[in-house]
Each structure stands twice: as structure tokens, then as C-alpha cells.
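Asks: Here is how the chains run, residue by residue.
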Amino acid sequence: GAVVSQHPSRVICKSGTSVKIECRSLDFQATTMFWYRQFPKQSLMLMATSNEGSKATYEQGVEKDKFLINHASLTLSTLTVTSAHPEDSSFYICSARRGDSSQEQYFGPGTRLTVT
Amino acid sequence: DAKTTQPPSMDCAEGRAANLPCNHSTISGNEYVYWYRQIHSQGPQYIIHGLKNNETNEMASLIITEDRKSSTLILPHATLRDTAVYYCIVRGPYTGTASKLTFGTGTRLQVTL
Numbered sequence: 001g002a003v004v005s006q007h008p009s010r011v012i013c014k015s016g017t018s019v020k021i022e023c024r025s026l027d028f029q030a031t032t033m034f035w036y037r038q039f040p041k042q043s044l045m046l047m048a049t050s051n052e053g054s055k056a057t058y059e060q061g062v063e064k065d066k067f068l069i070n071h072a073s074l075t076l077s078t079l080t081v082t083s084a085h086p087e088d089s090s091f092y093i094c095s096a097r098r099g100d101s102s103q104e105q106y107f108g109p110g111t112r113l114t115v116t
Numbered sequence: 117d118a119k120t121t122q123p124p125s126m127d128c129a130e131g132r133a134a135n136l137p138c139n140h141s142t143i144s145g146n147e148y149v150y151w152y153r154q155i156h157s158q159g160p161q162y163i164i165h166g167l168k169n170n171e172t173n174e175m176a177s178l179i180i181t182e183d184r185k186s187s188t189l190i191l192p193h194a195t196l197r198d199t200a201v202y203y204c205i206v207r208g209p210y211t212g213t214a215s216k217l218t219f220g221t222g223t224r225l226q227v228t229l
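Protein sequences appear in the order of chains X and Z.
No gaps in the numbering here: position 13 of the first sequence is 13 in the working numbering, and each next residue is one more.
No gaps in the numbering here: position 60 of the second sequence is 176 in the working numbering, and each next residue is one more.
Simulated from the structure, these hints should not be mistaken for lab results.
Hints may contain errors.
If you anchor each label on the Cβ, the simulated ranges turn out as follows [said to hold, decoys possible]:
#, chain 1, residue 1, chain 2, residue 2, range
1, Z, Glu130, X, Glu63, 44 to 50 Å
2, X, Lys41, Z, Asn169, 43 to 49 Å
3, Z, Pro124, X, Leu68, 31 to 37 Å
4, Z, Glu174, X, Leu26, 32 to 38 Å
These numbers were taken from a predicted model, which means no experiment stands behind them.
Think of the CB as a built atom: it goes at the ideal place given N, C-alpha and C, for glycine as much as any other residue.
Could you build the full structure based on these sequences and the hints that come with them?
Replies: This is the structure:
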């Protein structure tokens, strides 16, 4: 199946710093990418949807100035957690939707963020 | 809100078929049923999807009732590696908000020896 990668897989940062997470579709072009967050023992919650070259659409309750999303190309999207705090510690998962007629959606392996 | 209802957990003996049910009584005529699974601390993995006909691939079979209000995912010969949370998701065919994958609580399948 199609491959979506994320980098880094784990990151620990100090409170108040910013962290960037990359999401790449390795063997297909993704017109749309999604960012999810998952807290322990909970389901995935969609944070935002981004289309290449345009601004991201954020879900209700997600602060767009705190979670900066850039989708600069058809294979790369980045999520920057600005001024991170311990409550931002979570599992962040990206997903990429194929730009062809299948419109299939594949998920990355996730990034574990711990803010100390 | 998730548009599906699944049992929170199920057990299955290794080698036996695992049948995971899903109710989606409010599904629209143009909405698909998707199944993903998530193994602990990994991203979700696509399993299968269907509209109205039954579907089969190398991983599983999907049986959708004639009225489309429920479906069953079948893992024909479950192994320990199939232990995961299985999500049944209803998704619209369009590229707009109706096509977002919204995850419910899923079914935690435990495969045992």
C-alpha cells in the first residue's frame, strides 16, 4: 500500500519551545493532508485539513495560531506546535489522501510529543 | 459525532474467524463504509471499504447488509498480530467535509492463544 512517513517519531521538548513535525507521502501525490491528535486511551481527533498551496481548515476548538500547518507541496505537510505546554503532549498522526480518482487515505506512523 | 456504533471490545481465539460488527443506521446512499485498524502506538492501517456490495481483499472481507444499516468485518483466520482497535467509519464520496474520516471509539479486538 501507499506509504506515509512522519519525522520525528518521538520528540521531547521543554515547555515554551516550538516543535515541527513533518509528514511526507513517499510514493504518491497528496492533494489533501490531515492532522490528527490522539491522547492515551482515546480515539483519533481530527485537528485540521490542509490542501496543497492553501490555508489549512481547522476543526472547532483547535487553535490555528498554536498549531501551524504548512502544505507547501503535494508530498509534504508540516505541523508546528508553537509555545508547547505539557498539555500538548500527545500522539500526532498525519494522513494523506491520494490526488487520483481513488481518493484513498493513508496514515503515517505517528509522532509522540512529550513536553516537559 | 461518529456515525457508527461498535462494541467496545471482543475476544477471538487464534486461527478462528473474527467477526466485527458495526451499525450505521443513518448512512446515506452515497456514503462508503471504511474499516481501519490501529495497533498500539502506530498510525491507523487501511483494511477495506465498500459501498453496497460485499468486498474481499487479502486482509479481510466486508459484508454489508442489503439495507446498508450495518456491516461486518471478517478476519478469516485471526492471528495474534491482528490484536488492535478496529474502526468502522462512514465516509462521503466528495472531496469536501463529507469525506473526512471521523473516528469513533472502535472495537478493541484481543486475539488469544
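Asks: Take the hints in turn and mark each one as holding or not.
Replies: Results for each hint:
1. Glu130/Z - Glu63/X: 44 to 50 Å: holds, 45 Å
2. Lys41/X - Asn169/Z: 43 to 49 Å: At roughly 35 Å between Cβ atoms, Asn169/Z and Lys41/X fall outside 43 to 49 Å, so the hint is violated.
3. Pro124/Z - Leu68/X: 31 to 37 Å: holds, 35 Å
4. Glu174/Z - Leu26/X: 32 to 38 Å: violated, 21 Å
The structure does not agree with the numbered hints 2 and 4 stated previously, though it agrees with the rest.
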